[in-house]
Amino acid sequence: MTGETPAGLQETQRSRVSDDKIATVTGSTFTRLVLEGKGPIVVEFMSYGCAHCRVMEPVLQQVAGMVNATEKIFRVNNAVDQELVDSYEILGTPTLVMFLNGNEVARVEGPRPTVSSVLSIVTQAFQ
Amino acid sequence: MQIQKQTTPVLLFNDECGVCRHIARWVYQSATGNVGEPSILLQPIGDDPEALRLLNPELDIWDAYATIHLLMPDGSMRLGGEAVAEVLRSLPNTRWFAWTFAIRMFGFRPFQTILNVGYTILADVRPIFGCESCGTPSVWLRPIGWMRRRVKALLGTRQHPSPHFTSFSGVKRRQPEVAADRAIAAK
Chain A
1 MTGETPAGLQ ETQRSRVSDD KIATVTGSTF TRLVLEGKGP IVVEFMSYGC AHCRVMEPVL
61 QQVAGMVNAT EKIFRVNNAV DQELVDSYEI LGTPTLVMFL NGNEVARVEG PRPTVSSVLS
121 IVTQAFQ
Chain B
1 MQIQKQTTPV LLFNDECGVC RHIARWVYQS ATGNVGEPSI LLQPIGDDPE ALRLLNPELD
61 IWDAYATIHL LMPDGSMRLG GEAVAEVLRS LPNTRWFAWT FAIRMFGFRP FQTILNVGYT
121 ILADVRPIFG CESCGTPSVW LRPIGWMRRR VKALLGTRQH PSPHFTSFSG VKRRQPEVAA
181 DRAIAAK
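Those protein sequences? They're chains A and B, same order as listed.
Take the first sequence: its position 123, counted from the start at 1, is 123 in this note's numbering, and no numbers get skipped.
Take the second sequence: its position 29, counted from the start at 1, is 29 in this note's numbering, and no numbers get skipped.
Just so you know, these hints were derived from the structure itself, not from any lab.
Among these hints, one or two may not hold up.
[To be verified] Non-contacting residues of chain A with respect to chain B, defined by C-beta distances greater than 10 Å in every case (computed):
#, residue
1, G27
2, L33
3, G37
4, P40
5, G65
6, A69
7, E71
8, N77
9, E83
10, G102
11, V115
12, L119
13, Q127
[Stated by the list, open to error] Take a look, some chain A residues computed to stay more than 10 Å from chain B by CB distance:
#, residue
14, S28
15, E36
16, S47
17, V67
18, T70
[Stated by the list, open to error] Some chain A residues close to chain B (C-beta under 7 Å, calculated; not the full set):
#, residue
19, G49
20, R54
21, E57
22, V80
23, Y88
Beta carbons: idealized from backbone N, C-alpha and C, even for Gly.
Kindly generate the complete structure, drawing on both the sequences and the hints.
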């Protein structure tokens, strides 16, 4: 039987699980981490069942690693935190909402899933 | 983290996908057809990555949505066509032919290869049946998807707006002031 998970894939899965650079915020932690947070913060409203979010995930992880010192990136799981979705009028996933010192300064819906595109979005929003 | 021990294979399915739900229902009915314990348990993937990791610490929710996963009692996972073969081997009404997937000829498993191709095609076709969580249809399927939408529009079938943007939705930038103005204007 050769149906077991290939070693390479297992390795990828393990690294993906342990190297998550984007913390998940929930309705109960949103105020403390985002609205009361200092400096630029990016929140990705996403859903695990969204194919485009799946494409965006490695891109955003890479960007999170690049901007780690200056900006924080969080995710909100739309399926779980419907109240946040309603209060921020999120029309679809993925949506990136940029906050500066707790105030929303910009948002981008359905960004192109390339590192350069997402990096320019999350940096230009705060300039 | 408490890992859940299981004695029966668990088939994860995408509960946001109509095709997947139909197949899962058929598997459930086949697995529970005989009196006694079902030969396979079914579980929707859901939205909680931590809950999935309780089933198998190496299970990634993104991978679970991308490819069919069968979690084996020994802790291993079967993916894609291999998972389908294992499911067919476990079901009482398909067991009689599922042994063919293990047949090797010159180090090659011809029936398993056919099954893998079949699974790939089915996985590719799902988006045109309205599964928004199954990705963007492949290039060869896009005209079919386009025709399907046109026919639906001609028939007056209501099309629900997608909760997910796709690579083809186009980037939309919105300033919060504009959004607030729109909300005020709408009122």
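Against the structure, the hints:
1. G27: 14 Å, holds
2. L33: At roughly 18 Å from the nearest Cβ of chain B, A/L33 sits farther out than 10 Å, so the non-interface label holds.
3. G37: Since the minimum Cβ distance to chain B is about 17 Å, A/G37 lies beyond 10 Å and the statement holds.
4. P40: Given that every Cβ of chain B is farther than 10 Å from that of A/P40, nearest at about 15 Å, it holds.
5. G65: A/G65 is indeed farther than 10 Å from all Cβ atoms of chain B, at 17 Å.
6. A69: Its Cβ never comes within 10 Å of chain B, the nearest being 25 Å, so this holds.
7. E71: 18 Å, holds
8. N77: 6 Å, violated
9. E83: The claim holds: A/E83 sits with its nearest Cβ about 15 Å from chain B, beyond 10 Å.
10. G102: Check passes; 12 Å lies beyond 10 Å.
11. V115: Given a closest Cβ separation of 15 Å, the condition holds.
12. L119: Holds: least Cβ distance 14 Å, greater than 10 Å.
13. Q127: 14 Å, holds
14. S28: 16 Å, holds
15. E36: 18 Å, holds
16. S47: 7 Å, violated
17. V67: At about 19 Å from chain B, A/V67 clears the 10 Å cut-off, so the statement holds.
18. T70: 21 Å, holds
19. G49: 4 Å, holds
20. R54: Given a least distance of 5 Å, the restraint on A/R54 holds.
21. E57: With a closest approach of 6 Å, the A/E57 hint holds.
22. V80: At 6 Å from the nearest chain B Cβ, A/V80 passes the 7 Å test, so the hint holds.
23. Y88: Hint violated; A/Y88 Cβ to chain B Cβ min 9 Å, cut 7 Å.
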